[in-house]
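Asker: In order, the protein sequence lines correspond to chains W and V.
Using the numbering used here, the first residue of the first sequence is number 1, and each one after it goes up by one.
Using the numbering used here, the first residue of the second sequence is number 456, and each one after it goes up by one.
Among the hints, erroneous ones may be present.
Straight-line C-alpha distance at most 20 Å; calculated SDA-like pairs for lysine to any residue [said to hold, decoys possible]: (1) W/K426 / V/K704; (2) W/K426 / V/G607; (3) W/K431 / V/P706; (4) W/K426 / V/K570; (5) W/K431 / W/G417; (6) V/K704 / W/G427; (7) W/K431 / V/G607; (8) V/K809 / V/G499; (9) W/K195 / W/C149; (10) W/K431 / V/D507; (11) W/K431 / V/V506; (12) W/K431 / V/G499; (13) V/K704 / W/I448; (14) V/K472 / W/R428; (15) V/K570 / V/G607.
Honestly, the hints are just simulated from the structure, not real lab data.
None of the values given here were measured: they were computed from a predicted structure.
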Amino acid sequence: MTKQTETVSRKDPLREEFTLKVLGVGGAGCNAVEHIARQRAAQSEFADVQLAAVNTDLQSLFDLSVECVMPLGATRTRGLGAGGDPDLGRAAAEEDTEQLRQLCAGAEVVVIVTGLGGGTGTGVSPVLARVAKETGALVLAIATLPFECEGARRQRQAQAGLEQLKEAADAVLCLPNQRVLKLIDENTSLIETFKITNDLLAQGLRGIRRLLTRAGIINVDFADLCAVVRGQHAESAFACAEARGEHRAREVVEKLLASPLLEGGAVLNEAESVLVSIVAGSDLTMAEVNRVMSPINRACENAHIIMGAAVEVAFGDRLSATIIATRRGQLEPETGATTATEAAASREPRQAGVGSLSAAKESPAFDTEFFEKASPARPASRFVPPPPDLAPDKKEQLLAQQNGKSYRKPRSKMRQGMLPLEIVSKGRFDKSEPTIHHGEDLDVPTYIRRGVPLN
Amino acid sequence: MFDPSPVIVGLEIGTSKICAVVGEVNPDSSGLTIIGVGQARSRGVRKAEIVDAALASEDIRNAIVEAEQMADVEVRSVYLGVSGGHLRGFNNRGVHPVVSADREITDEDVQDAIKNAKAINLPAENHVVHVIRQHFRVDGQDGVQNPVGMLGAKVEVDVHVIHGNFNRLQNPIRVVKGLQLEVEDIVFNGLASSLALLSNEQKELGALIIDIGGGTTEYVLCADGIVKHTGLLAVGGDHVSNDLAYGLKVPLSRAEQLKIEHGSALVDENAKGQTVALTKSHGLAERSINLEHLRRIMSLRLAEIFQLIAQEIGTAGLLDYLRAGVFLCGGAARVSQIEKLAEPIFGLPVSIGKTSSISGLKSALDQPEFATAIGLVKFGSFQVKKRAGRGGVTGGLKSKVSQLLRAVKK
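Can you make the complete structure from the sequences, with help from the hints?
Answerer: Listed below in C-alpha cells is the structure:
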C-alpha cells in the first residue's frame, strides 16, 4: 500500500525511461527493424529504443545499420537461412537459447517484429518470446501474415506460428499483408509495398510505445492492451490515422473507418474489444474526442471499448488516432476455469520479474507500479515451462528426431468437404426471394424460430 | 366511343386467387355499384409476384371472362393492384416560398410545393407508385387542408410516397397487356383495401387496415383523414399453410385444407388433446393430426405478423392515432377468432372490415377477400371523376354523350 502511494507521486519521470528492445526476427523482421533504424536516424523518433536483428540467414544481416545483429543456428543452417521450414528455425533458436537470453537481458519490454509464414520468423519468434518472458520482460509481438498469393502452405504455417506466438507472448498484434494490398494501386512497386508494410509496423510500434510511455489524460496502458488482444484465438487488427486542421477529428474517423486494415469498418462491426488511443497537441478538445469516439462506438456497438486520450505538445495541430480491434476466431476461446489455474501457475514467474526489477532499483529503471496495476487486469499469462535440462547431445538427438518426423509427414492432407447443413427446408418458399426482417428469415415457420416444442 | 371506360374494373393478381371486380358509377348520384365479380385460383404467383407468366395470364383471363359474363360488359381496361416485397412507403416534405407581393398563397404555389415534394431521390431502378398528399403547413402552422387563399411566407406539404422496383412492377402490367387489356393505373393493394373499407369518419378518427393475403400482408394507417403510414410484409396465408405442412408433416394442399376446415387463431382449452382424422386418399395411410398443434402453429405465425406490424407502427409513433381501431381483411381475416388474437397485441378493438360504402352485389361485398379489388374499382371511380372534372365542358359533354349512348344500348 505504501509502495503504491510512493509510486503514484513519481509516476511520470519513471515512465519516461525504461528500456524497450525491438527485435526483428527473420527476413521481414530484419527489414522492418532496418526501416525503423533509418527512421530513427532521420527523425530521432525512436531514440530510446534499442534495436536488434535476429536471422538464420547470415547474408541478410551484413548490410543492416542496426546496432546489434545476431545470427542463429550457425551449425544447423550454416548461416544459409531456414528455407521456409519453421521446425528448422525453431531448432536453430532452441540451440542458441543462451544467446537469445543475453540479447533480451536488461529490457523491460521486448517487442518482437516478425513476418510469419517463413522458416525463421515462424519458428524463432515463439522461442524468442518465451525466452524473453523468462528474463522477466513484458513481451509484445507485431507480426505480419503472408499475402494470399504466397500459397496455402505458408498461410497454414503462419497461422500455426501465430498460435504459438500468442501462447508465448503477452500480446500479439497482427497485420495480414493481404489487407495491405488494398492500400496500394496497380503501379505501386514491390519496394514501395514493403515500405508500406514496414511503415505500418513502425506505426504499430509507435502507438505501443506511446501507450507505454505517455501517461494520457484518459490513460490506457499495457494492461489495457493485453485485455484487448487477450485470448488465444483472437484475431487482432490495428489501424492508425492522422489529420490536421479544423476538421481533423472528423477526417481521422473517416480515414479510420475507411481503412482497408479494418476492412472498411467491417472488423469493427464484428469486434469483441476495441482499444482507441487519441493523441493530439495541447489544443485537443473534449468535443473532438467525442467526435472521434461516437462514430467508432456506433460502428462497434457490441464491443468492449477502451479509450485513451493523451496530449503531446510536439504534435502541434495534428491529431492521431490508433485503433486496435480484436474479434474471436473460429475456434473456441479458452474457458474461464483454465485461465484461473493458469493464473495461479503464472504468479511465480511474474513475481520473479518484479523481484528482478526491484533489485535493479538504484537506477530507477521501470515503473513498478505499472506492473502492480497491470497484474490484476493482465490476462493469465500462458506460462510456458522451460525446456527440460538435457545434455546437449541428447537435445540434439531429440531435435533431429523431431525434424525427421516432420519431414516424413505427408505434405498435404486430404480434406473432407462439407455440405451446408440445411435444417429447415423452406418448402414452398425454397426458391423464392427470402423475406428477411431484422435479420430473421420469416419464411421459416415461426414455431421453429421461437423454439416452441410440439410433442 | 368517347369514353374509354364505360365500366371500371379492378384486377387484383393475388398469390392464392386472381380477382376481377366490375363496377359502375351511377351517373345520377355518382355512387358506385358493383355489377360483376370474377375470380380464379392463382397458380403462377408467389409472394404476390408473378413467377410463371403463362399460368398467371391464363388465370387472369379466366377471372376477367367470369366477371364479364356476370356483369354483361366487355372489359377493355383495368385498374391493377400491385404488391410485393419490394414496395416501400415513406413520408416526404416539399417546401415552397410564397413570392407574391401580397403573400397570398395561390394555386400555383401549392402545385409547386407538391412538385418539390415529389422530387425524390430514389435509385434509378425504382418507380414511384403513389404520391399521396397529406397535410399542408403554412409558416409552420400544421394541419392546413387547403392553403389556397391563405396568407403566408412559406407553404410546406407532406406527402406519402410508395415506390417499388420498376421491373418487378412492370411484370404484372406486361402480363395484363398481353391479354389485350389496357392498364389505366396501378394501385398499391393496401391502399385499395383501405379505400374499400374505411368511411371518411373512420379515416378521420384513425384506423389501421391490415390485409393479410396469400403471399403478402399489407397495412395502411389512416388518421386525420390522410394516409399516415403504409407497409408491407412478404408473409401471408401461404406461410401459415407452409408452416402447417412442415409441422404436421402433411402435403401442402392438405395443410391448406386443414387450415380452412379446422384452423383457428387461438389455441383454446377444448382443443387440447383433440385430434382430427385425415381422410384416406391416394393410398396414404390413415392418420390423425393433433388439433392443438395445428392451432398453435397457426396462432404463432399469425401473432407474429401482428406483432411485427404493431412494432413497426409503434416505432413510427402512430399507435395512439388509432381511435377507430384495427380492421382486418384478406383471406386470413376468415380465420376464426383472429380478432381475439390481434386485440391484445394492438391493445385496440379489432374487427373484420366491411365494404359498407359501396352498393351492389351483396355476396361479393361481404367477403374480406374482395376488399382490395373493390377498392381498386373505387380508386378507378375517383380517377374517372377527377378526369371528368379536369376535362371541363368538353369532358362533361363527353360523359353526357357516353351516358346517352349507354342509355340507347339498353
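Asker: Now, for every hint given, state plainly whether the structure supports it.
Answerer: Taking the hints in turn, this is what the structure says about them:
The straight-line distance between the Cα atoms of W/K426 and V/K704 is roughly 13 Å, inside the 20 Å bound, and the hint therefore holds. Proposed proximity of W/K426 and V/G607 is contradicted: the alpha carbons are some 58 Å apart, above 20 Å. Using a Cα cut-off of 20 Å, the hinted pair W/K431 and V/P706 holds, with the two alpha carbons roughly 18 Å apart. Distance check on the hinted pair: W/K426 and V/K570 sit about 45 Å apart at the alpha-carbon level, beyond 20 Å; violated.
Taken as a hint, the W/K431 and W/G417 pair is broken in the structure, with Cα atoms around 25 Å apart against an allowance of 20 Å. A C-alpha spacing of about 11 Å is found between V/K704 and W/G427, which places the hinted pair at or below 20 Å, so the restraint holds. Note on W/K431 and V/G607: the hinted pairing is violated, with a Cα-Cα distance of about 56 Å set against a maximum of 20 Å. A hinted pair counts as satisfied when its Cα atoms are at most 20 Å apart, and V/K809 with V/G499 does not qualify at roughly 29 Å.
Proximity of W/K195 to W/C149 is assessed by CA-CA distance (about 19 Å); at most 20 Å being required, the pair is judged to hold. For the hint pairing W/K431 with V/D507, the CA-to-CA distance comes to about 13 Å; that is within 20 Å, so the pair holds. For the suggested pair W/K431 and V/V506, the alpha carbons sit about 10 Å apart, so the restraint of at most 20 Å is met. Between the alpha carbons of W/K431 and V/G499 the distance comes to roughly 14 Å, so the proposed pair stays at or under 20 Å and holds.
Of the supplied pair hints, the one linking V/K704 and W/I448 holds, its CA atoms being roughly 14 Å apart against a limit of 20 Å. For the hint linking V/K472 to W/R428, the alpha-carbon distance of about 16 Å falls within 20 Å, and the restraint holds. Distance restraint check for V/K570 and V/G607: the Cα-Cα separation of roughly 19 Å lies within the 20 Å cut-off, and the hinted pair is therefore satisfied.
Hints 2, 4, 5, 7, 8 from the earlier list are contradicted by this structure; the remaining hints agree with it.
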